[in-house]
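Peer 1: First to last, the sequence lines map onto chains S and B.
Going by UniProt numbering, the first sequence opens with residue 1, and the numbers climb by one from there.
Going by UniProt numbering, the second sequence opens with residue 1, and the numbers climb by one from there.
None of these hints come from the bench; they were simulated from the model.
Treat the hints with care, since some could be wrong.
Some chain B residues near chain S, calculated using beta-carbon distances under 10 angstroms [what the hints assert, rightly or not]:
#, residue
1, P188
2, L190
3, A249
Partial pick of chain B residues on the chain S-facing surface, computed with a CB cut under 8 angstroms [stated by the list, open to error]:
#, residue
4, A194
5, E269
6, W278
Quick caveat: nothing in here was measured; it's all calculated off a predicted structure.
Using N, Cα and C, we set each Cβ at its ideal position, and we do this for glycine too.
Number of protein chains: 2
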Amino acid sequence: MAAWREGPVGIVGLGLIGGSLARALKAAGATVYAYDPDPAALAAARAEGVVDEAGPVAAWAGRVGLCLLAVPLGATPAAVAEVAPLLPAGAVLAETASLKGPVLPALAAVPAAVRPLSLHPMAGREQRGWVASTAGLFRGLPLLAVPVPGRALPRGMLGRLAAALEARPAVVPAAYHDVVMARVSHLPYLLAAALLLAAAETPGGEGWMAAAGSGFRDTSRVGASPPDMWQELVAANAGPTGQALEAVARRLQGWAEDLRAGRPLAGLEQAPAIRQRWEEAGHERT
Amino acid sequence: MAAWREGPVGIVGLGLIGGSLARALKAAGATVYAYDPDPAALAAARAEGVVDEAGPVAAWAGRVGLCLLAVPLGATPAAVAEVAPLLPAGAVLAETASLKGPVLPALAAVPAAVRPLSLHPMAGREQRGWVASTAGLFRGLPLLAVPVPGRALPRGMLGRLAAALEARPAVVPAAYHDVVMARVSHLPYLLAAALLLAAAETPGGEGWMAAAGSGFRDTSRVGASPPDMWQELVAANAGPTGQALEAVARRLQGWAEDLRAGRPLAGLEQAPAIRQRWEEAGHERT
Numbered sequence: 001m002a003a004w005r006e007g008p009v010g011i012v013g014l015g016l017i018g019g020s021l022a023r024a025l026k027a028a029g030a031t032v033y034a035y036d037p038d039p040a041a042l043a044a045a046r047a048e049g050v051v052d053e054a055g056p057v058a059a060w061a062g063r064v065g066l067c068l069l070a071v072p073l074g075a076t077p078a079a080v081a082e083v084a085p086l087l088p089a090g091a092v093l094a095e096t097a098s099l100k101g102p103v104l105p106a107l108a109a110v111p112a113a114v115r116p117l118s119l120h121p122m123a124g125r126e127q128r129g130w131v132a133s134t135a136g137l138f139r140g141l142p143l144l145a146v147p148v149p150g151r152a153l154p155r156g157m158l159g160r161l162a163a164a165l166e167a168r169p170a171v172v173p174a175a176y177h178d179v180v181m182a183r184v185s186h187l188p189y190l191l192a193a194a195l196l197l198a199a200a201e202t203p204g205g206e207g208w209m210a211a212a213g214s215g216f217r218d219t220s221r222v223g224a225s226p227p228d229m230w231q232e233l234v235a236a237n238a239g240p241t242g243q244a245l246e247a248v249a250r251r252l253q254g255w256a257e258d259l260r261a262g263r264p265l266a267g268l269e270q271a272p273a274i275r276q277r278w279e280e281a282g283h284e285r286t
Numbered sequence: 001m002a003a004w005r006e007g008p009v010g011i012v013g014l015g016l017i018g019g020s021l022a023r024a025l026k027a028a029g030a031t032v033y034a035y036d037p038d039p040a041a042l043a044a045a046r047a048e049g050v051v052d053e054a055g056p057v058a059a060w061a062g063r064v065g066l067c068l069l070a071v072p073l074g075a076t077p078a079a080v081a082e083v084a085p086l087l088p089a090g091a092v093l094a095e096t097a098s099l100k101g102p103v104l105p106a107l108a109a110v111p112a113a114v115r116p117l118s119l120h121p122m123a124g125r126e127q128r129g130w131v132a133s134t135a136g137l138f139r140g141l142p143l144l145a146v147p148v149p150g151r152a153l154p155r156g157m158l159g160r161l162a163a164a165l166e167a168r169p170a171v172v173p174a175a176y177h178d179v180v181m182a183r184v185s186h187l188p189y190l191l192a193a194a195l196l197l198a199a200a201e202t203p204g205g206e207g208w209m210a211a212a213g214s215g216f217r218d219t220s221r222v223g224a225s226p227p228d229m230w231q232e233l234v235a236a237n238a239g240p241t242g243q244a245l246e247a248v249a250r251r252l253q254g255w256a257e258d259l260r261a262g263r264p265l266a267g268l269e270q271a272p273a274i275r276q277r278w279e280e281a282g283h284e285r286t
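One chain only, chain S, in its complex shape:
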């Protein structure tokens, strides 16, 4: 992990993502200021020594070089607009929302003295909140940055933040980001959930539970994550997610027809090479 030499960091929201950012940055040596609407989370972060100063944003915003927003997707545009005017000139204001279409206009509109940074850490857990946060959450995983229209990308800050998190920085075009999310984030979750629902409907009852081994374990894992968070995400990215779902539904239906016709399942032979290309691109966590 690279030592943090950027001055104090402010974090708004100490849930799974914000809490994990706070822990990783504190471990890298940063001074961390934080706010969370839940006094218990704020007190725990302070008591554990992860946060140096806990309180309203206005109390500490004027002293940070980087402010990270880790609030729900729907609350992000308002948080951007509220926090930006409180920051010192030259500070970077970063948000971590999982979709970019709904938040980029607010980032494009921050005062000229503030540098916006649109981030999406591709990390998660089945649990959430401060109690689930961990300093290693981002290790080895992508930290996406989406250019904000009309604004310079603060590449130096992106690189130093990624180093502190031990994450892999990657710049993804805004228009492409939400399409990619439908395929590599929303679809894995939805297929994992569909697998759980299909297992529960096994004709003959729940004896399937004794028989589910490593394939079921891995493929279904992310299906255990909080449905309401995902309902919000897929609704905000309905077009690309619906297209991805329909593409997979067509493929599964085609495979069922292949089985009825006694044919090999079409395209299956390509799957290992796709996974291998992804791993060879360095993205498999060891």
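Put chain B on the given structure of chain S with help from the hints.
Peer 2: Chain B alone, transformed into the frame defined by chain S:
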């Protein structure tokens, strides 16, 4: 791991499953005899000290208390018929095929002096062959046993074998086994493969690779396993697999319609509880 006190074990086939059985039983203290049609696998197992005697089945079959067949599904009935007459009275002849419909008739027909045992270890890896085998392959995972029509289930041997492998023994009715496999084994693989194919078709090119994080990693993992093995399996279990594929295809299509209509995705809220029930039944490997 429980020490093995059952006398010599014979193993036919030293691929991923047979090789892993040999390693685990040798680690438990068993004397292991083995045959594999590939002289290189046989020589490697002998050289590594995993196998005590390597050679044709007829050379050692008369001295074993347990003979394990770990050959391809299609070759299993013939192997059962060939090996059974060579075993001493009271010996257990076990096979490890992934489907039971195609192999149970051969097991039901073994001589009365031999005790048939139909096993399905719910374990796998993306690689195969002797080189991929590992003593811990079965640890913490289900070891299914399917009763052979008209024959007694050798429960004692099943329990002692499971203890040596550190696996979880479970008896599953024959008629139910292949239906369950469609849902908890074939379906996870097929959904993982479908996810890889959907990612590769992301509109806009392979920038998706930089963005695929932990959800994609886990959900797609088993999609990297050998397609030809799976083609054979799903063809041999075409009915239940086709029904499972169609059920998931209908669900995904329904979710796409939910998104178009601005509705929450139906049923999603049930997924975490299903996964939790399975984990609470003790099946999550830690």
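Peer 1: Next step is simple, just say for each hint if it's right about the structure.
Peer 2: Taking the hints in turn, this is what the structure says about them:
Residue-level restraint check for P188 of chain B holds (minimum Cβ-Cβ distance to chain S is 4 angstroms; threshold 10 angstroms). For L190 of chain B, the shortest C-beta to C-beta distance to chain S is roughly 7 angstroms, which falls under 10 angstroms, so the interface hint holds. With a least beta-carbon distance of about 4 angstroms to chain S, the hint placing A249 of chain B at the interface is held under the 10 angstroms criterion. Annotation: interface hint on A194 of chain B holds; nearest CB of chain S at approximately 5 angstroms, less than 8 angstroms.
About 5 angstroms separates the beta-carbon of E269 of chain B from the nearest beta-carbon of chain S, less than 8 angstroms, and the hint is met. Interface restraint check: W278 of chain B against chain S, minimum CB-CB distance 5 angstroms, threshold 8 angstroms, status holds.
When each numbered hint is compared with the structure, no violation occurs for any of them.
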